[in-house]
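> In this text, residue positions in the sequence shown follow the working numbering: the first is 66, and each later residue adds one.
A hint or two may mislead.
[Claimed, not checked] Simulated DEER-style distance windows between Cβ atoms:
id, residue 1, residue 2, range
1, L172, L91, 41 to 49 angstroms
2, L179, D369, 33 to 41 angstroms
3, S111, S89, 37 to 45 angstroms
4, R381, H177, 26 to 34 angstroms
5, G146, E224, 28 to 36 angstroms
6, E249, E113, 33 to 41 angstroms
7, H194, A283, 32 to 40 angstroms
8, E113, L179, 40 to 48 angstroms
[Claimed, not checked] Mimicking SDA-like on lysine to any residue, the simulated pairs with C-alpha atoms at most 20 angstroms apart in a straight line are:
id, residue 1, residue 2
9, K389, D314
10, K380, D326
11, K380, R319
If you're looking for bench data, these hints aren't it; they were derived computationally from the structure.
Positions of the beta carbon are idealized from the N, C-alpha and C atoms, including for glycine.
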Amino acid sequence: MPRLARHLHVGGAAAATEHVVALSTLPDDPRIAYRLAELAVNSTISPERGQYWKSAWDLIARTRDTRVIDSLRQDFHDFTGTYYDHHNSGRRILAPFLLAEPPASPLDASDHKLINQITAAVDAIVPDHVESERTLLADIYANWDDEAPRLVYADWLIEREHLRGQLIVLSCKQAREKTLSKGEEQQRKALRGGFRSPTYLYGVLSDFEHVIERGLPARLEVNWSSSPISMRRLAGDPLLPCVDSIDFDCHDQRGRSNPEDLAGVMLDPSATRLVRVANVPNDVQGNQAVDPRYLRSGSSRLADTLEPLVRAQWKRDGQSFLRK
66 MPRLARHLHV GGAAAATEHV VALSTLPDDP RIAYRLAELA VNSTISPERG QYWKSAWDLI
126 ARTRDTRVID SLRQDFHDFT GTYYDHHNSG RRILAPFLLA EPPASPLDAS DHKLINQITA
186 AVDAIVPDHV ESERTLLADI YANWDDEAPR LVYADWLIER EHLRGQLIVL SCKQAREKTL
246 SKGEEQQRKA LRGGFRSPTY LYGVLSDFEH VIERGLPARL EVNWSSSPIS MRRLAGDPLL
306 PCVDSIDFDC HDQRGRSNPE DLAGVMLDPS ATRLVRVANV PNDVQGNQAV DPRYLRSGSS
366 RLADTLEPLV RAQWKRDGQS FLRK
């Protein structure tokens, strides 16, 4: 299921529509609806692909996962637009779920205590391959300028038929020899792809603009096409320790992170190379100044809201944050 969720859009708009329509006939799965909400922000699917969007909105509405509410309301402006087809269908299908007052949780403190115990027990069960990968990556982080740990990790990936391994090999060769053969360069470009490449080489990091150093992502950019849900999933990702800086380029509300989610990334114990978070938005635009939804989420005055959450480890310099 995780692989299916990652590759919903592989094959272009026509294939993506077939995938989502087929999924809509299966028992509801919150993982699929969650991923669809994440992809919706900067989807490569045209607003005119009515069947895709109707099926996607139906899945999200049926699952009623409250974790996607703030992200969809923020990035689609409460579906108040009338120009794009998917705004119209989203308003019709999702409004009763997204815009209604959320019901009170049926869970009490004792329920949450049990859930936390179960979560802790599940988190403690680390599959062997995950532990092996984290060990290999830790060697890379500790010896960032040495290509040898990268090539060991690449071999491990290639043995498991992961395309990231071949990209690391080619990227290291290019950095070392300053050139690649024509065939190798074509292969490297095909593997590297672009933003949200169908190969999804870097997991959730593929959902951000990123700068690659010898096959691994070193810098991320958060812009209008980044999903706040992606930032939420970034904390704890095995590749997060590769990242040394995060730069914001958000000129409106779209793509802006929830302050708690961004703080979770900045305070992640594994993010030892992350030393700079720059251009964090701190402006209120237009009717956002009086819109309680934006004020509640904290994404308008993001820098102001973020500062007290990370003050113990980060110092603020204007709209940037530097690790102490």
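> Would you mind marking each hint as holding or not holding in the structure?
Verification of the supplied hints:
For the pair L172 and L91, the supplied restraint of 41 to 49 angstroms is violated, since their beta-carbon distance comes to about 27 angstroms. Separated by about 36 angstroms at the C-beta atoms, L179 and D369 satisfy the suggested range of 33 to 41 angstroms. For S111 and S89, the hinted distance range of 37 to 45 angstroms is not satisfied, since their beta carbons lie about 19 angstroms from each other. Look at R381 against H177: about 33 angstroms separates their beta carbons, and that is inside 26 to 34 angstroms.
Between G146 and E224 the Cβ separation comes to about 49 angstroms, which falls outside the hinted range of 28 to 36 angstroms. Hint check: E249 to E113, Cβ distance near 39 angstroms, so the stated range 33 to 41 angstroms holds. For H194 paired with A283, a C-beta distance near 24 angstroms fails the hint of 32 to 40 angstroms. Checked against the given bound of 40 to 48 angstroms, the beta carbons of E113 and L179, roughly 47 angstroms apart, stay inside it.
Of the supplied pair hints, the one linking K389 and D314 is violated, its CA atoms being roughly 24 angstroms apart against a limit of 20 angstroms. In summary, the hint linking K380 to D326 is supported, as the alpha carbons are separated by about 18 angstroms, within the 20 angstroms threshold. For the given pair, K380 sits about 26 angstroms from R319 by alpha-carbon distance, which is inconsistent with the 20 angstroms threshold.
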